[in-house]
Amino acid sequence: MLRQVLKRLATAIPSVIGVVVVTFLLTRVLPGDTAAYFAGPAATPQAIAEIRAKLGLDRPLPEQFAAYVKDLATGNLGNSLSTGRAVTTEIIARLPASAELTLVGLLLSMAVAIPLGIVAAVKQGSIVDHACRMVATAGVSLPVFFTGLLLVYVFYFLLGWAPAPLGRLDVFYSAPPDVTGFYLIDSLIARDLDTFRAAAAQLVVPALTMGIFSLAPIARMTRASMLAVLSSEFIRTARASGLTPRTVIITYAFRNALLPVITTLGMVFSFLLGANVLVEKVFAWPGIGSYAIEALIASDYAPVQGFVLTMAIMYVALNLVIDLLYGVIDPRVRIEG
Amino acid sequence: MTARAQTGAPPARSSFALLRHARYVIGENPVTGIAFAIFVLLVVAALLGPLVTPYDPLASDTSATLRAPSAKHWFGTDQLGRDIFSRVVAATRLDLGIAIFSVALVFALGGLSGIAAGFFGGWVDRVVCRIADTIMAFPLFVLAMGIVAALGNTVTNIVIATAIINFPLYARVARAEANVRREAGFVMAARLCGNGELRILLTQILPNIMPIMMVQMSLTMGYAILNAAGLSFIGLGVRPPTPEWGIMVAEGAAFIVSGEWWIAFFPGLALMLAVFCFNLLGDGLRDIVDPQRRT
Chain A
1 MLRQVLKRLA TAIPSVIGVV VVTFLLTRVL PGDTAAYFAG PAATPQAIAE
51 IRAKLGLDRP LPEQFAAYVK DLATGNLGNS LSTGRAVTTE IIARLPASAE
101 LTLVGLLLSM AVAIPLGIVA AVKQGSIVDH ACRMVATAGV SLPVFFTGLL
151 LVYVFYFLLG WAPAPLGRLD VFYSAPPDVT GFYLIDSLIA RDLDTFRAAA
201 AQLVVPALTM GIFSLAPIAR MTRASMLAVL SSEFIRTARA SGLTPRTVII
251 TYAFRNALLP VITTLGMVFS FLLGANVLVE KVFAWPGIGS YAIEALIASD
301 YAPVQGFVLT MAIMYVALNL VIDLLYGVID PRVRIEG
Chain B
338 MTARAQTGAP PARSSFALLR HARYVIGENP VTGIAFAIFV LLVVAALLGP
388 LVTPYDPLAS DTSATLRAPS AKHWFGTDQL GRDIFSRVVA ATRLDLGIAI
438 FSVALVFALG GLSGIAAGFF GGWVDRVVCR IADTIMAFPL FVLAMGIVAA
488 LGNTVTNIVI ATAIINFPLY ARVARAEANV RREAGFVMAA RLCGNGELRI
538 LLTQILPNIM PIMMVQMSLT MGYAILNAAG LSFIGLGVRP PTPEWGIMVA
588 EGAAFIVSGE WWIAFFPGLA LMLAVFCFNL LGDGLRDIVD PQRRT
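Taken in order, these protein sequences are the chains called A and B. The first sequence begins at 1 in my numbering and counts up by one. The second sequence begins at 338 in my numbering and counts up by one.
These are calculated hints, taken from the structure and not from any lab test. It is possible that some hints are incorrect.
From chain B, some residues computed to sit far from chain A (all C-beta separations above 10 angstroms) [unchecked claim]:
#1 L379
#2 Y392
#3 R404
#4 A487
#5 Q541
#6 S595
Heads up, incomplete: computed chain A residues facing chain B, CB under 7 angstroms, no partners named [unchecked claim]:
#7 V154
#8 L193
#9 L320
Predicted, not measured: the structure shown is a model, and the values here were computed from it. Note that CB positions come from ideal geometry on N, CA and C, so glycine has one too.
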């Protein structure tokens, strides 16, 4: 098992190299003088030359790349121009907020989408099946920032159920002591139920927005792969042997249908990490997405580069985890791999 | 697979059959008809745009700010008193324009390099696949943000970024389709007649995979619109006061919490309808071109 894990880890190396090269090229090779860009519009040629030397931009490209990789290896992503703070510390401080939002959103959506897909496949042509198809078509057409705003209007303005969409915690509460960075978990560790309730209230609507966004691909894939499995011979045998429908569907069919669903999760994560940025903007969520947006507006490149790199590395890592999950769910993959 | 390989080079008689099949598909699935109607509406709005709007989309009117939808202002007015209906209609041209240009660009780049990869194989194939894999290693919207940030904050760069993130989709489809036809009878015949490889690629393979590529283009149009609107929502590319759906939703976002829902709602609705329309059209088109892949 360990050897397989290592083997799979090795296959992620080209992706990581590609990601590092692309993020490097994005700043260095593209049109426009980076030094002049960093110096600002009012800089003298002398100041630009000084900055060029300071940033190491007067050295040959391979040498710059080596310096960049060395910085990365020590966890140095440079400093933000506008705040002067190190990008790495800022991203690490904000990452839990984004992760909490994305993961809760994904869990919510899986909790709805997978049962929906199963029922749609088992009762083909029923109302649930039509509902599933509608969700799958409408879900991919909804701009995630638009859904977010609609939910804010309904749950905050009309119904008054949700708090104002302004960050992770109402101003009257203070953040729980930092253990995992996830407010929901930290407040439980601190046995502070009030804070837990407040954090959960802030989280529900943005997480719901993320959930609705990822509902469509998961429901669609669950339905399709359940349909494929249900028409196979071992299911017919199981049914003929007189097993209860429950055992046939949950134990036999669903476990086999899970593999394509897990594959879809890889793609869903690509969308979710992007949608995360938009949702964070709508809900003033203090995650790495809103950090990148602030930097983008201020033309502050180092944080954006750090953000793109962090997201890409996380995405590669998530795909790795998904591949390893395969082996856990389906022993056949383990043997072949 | 054989049925698909035969879809290319249709004889004259089958164009009638294709039309009948198209009518059958629309009859089976009236949603495709609705999608086509929305499509026509969008094209009319994009072409006529500012000519047919009741108000100037840029003109502000301080005496009528933040008005709810009424007979005078169908979609209400925003914080500067601009008519939202006029702005939504006027924005169609820019939004569709961004999507069409980026899809055309990615078709030229991704489609052609994909065909070359599938047809020639070898190092061309390896290079194209490596590029596609590297792009796929990023969450796509995040990569688009990075590209726009690096290239500069303009509409042209939004088009380029949207094209780049769609590159793998086109390259992969074109590669697979070209690969299947590489040793097909008609390619052999063309080769026997003394055609060069590049000529075969452009005159035999390319026209044959066009139907599949058209489906791909229609399916990615919706995604291109969403992506461009998302980028302008976070403040990239399009600058106010230019009417564009994404930026209009962003402007209206601040007023949602105080109950002025119409400022963000109508541009968002237009955006949703446009994406919905292209996704449904893509599905319908696929049913016509490639009946085996119907879901």
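Quick rundown of the hints versus the structure:
1. L379: holds, 14 angstroms
2. Y392: The claim stands: Y392 of chain B keeps its Cβ more than 10 angstroms from every Cβ of chain A (closest is about 24 angstroms).
3. R404: holds, 18 angstroms
4. A487: Nearest chain A Cβ is 4 angstroms from A487 of chain B, so the label is violated.
5. Q541: holds, 33 angstroms
6. S595: violated, 8 angstroms
7. V154: At about 9 angstroms, which exceeds the 7 angstroms cut-off, the nearest Cβ of chain B leaves the hint on V154 of chain A violated.
8. L193: violated, 27 angstroms
9. L320: violated, 11 angstroms
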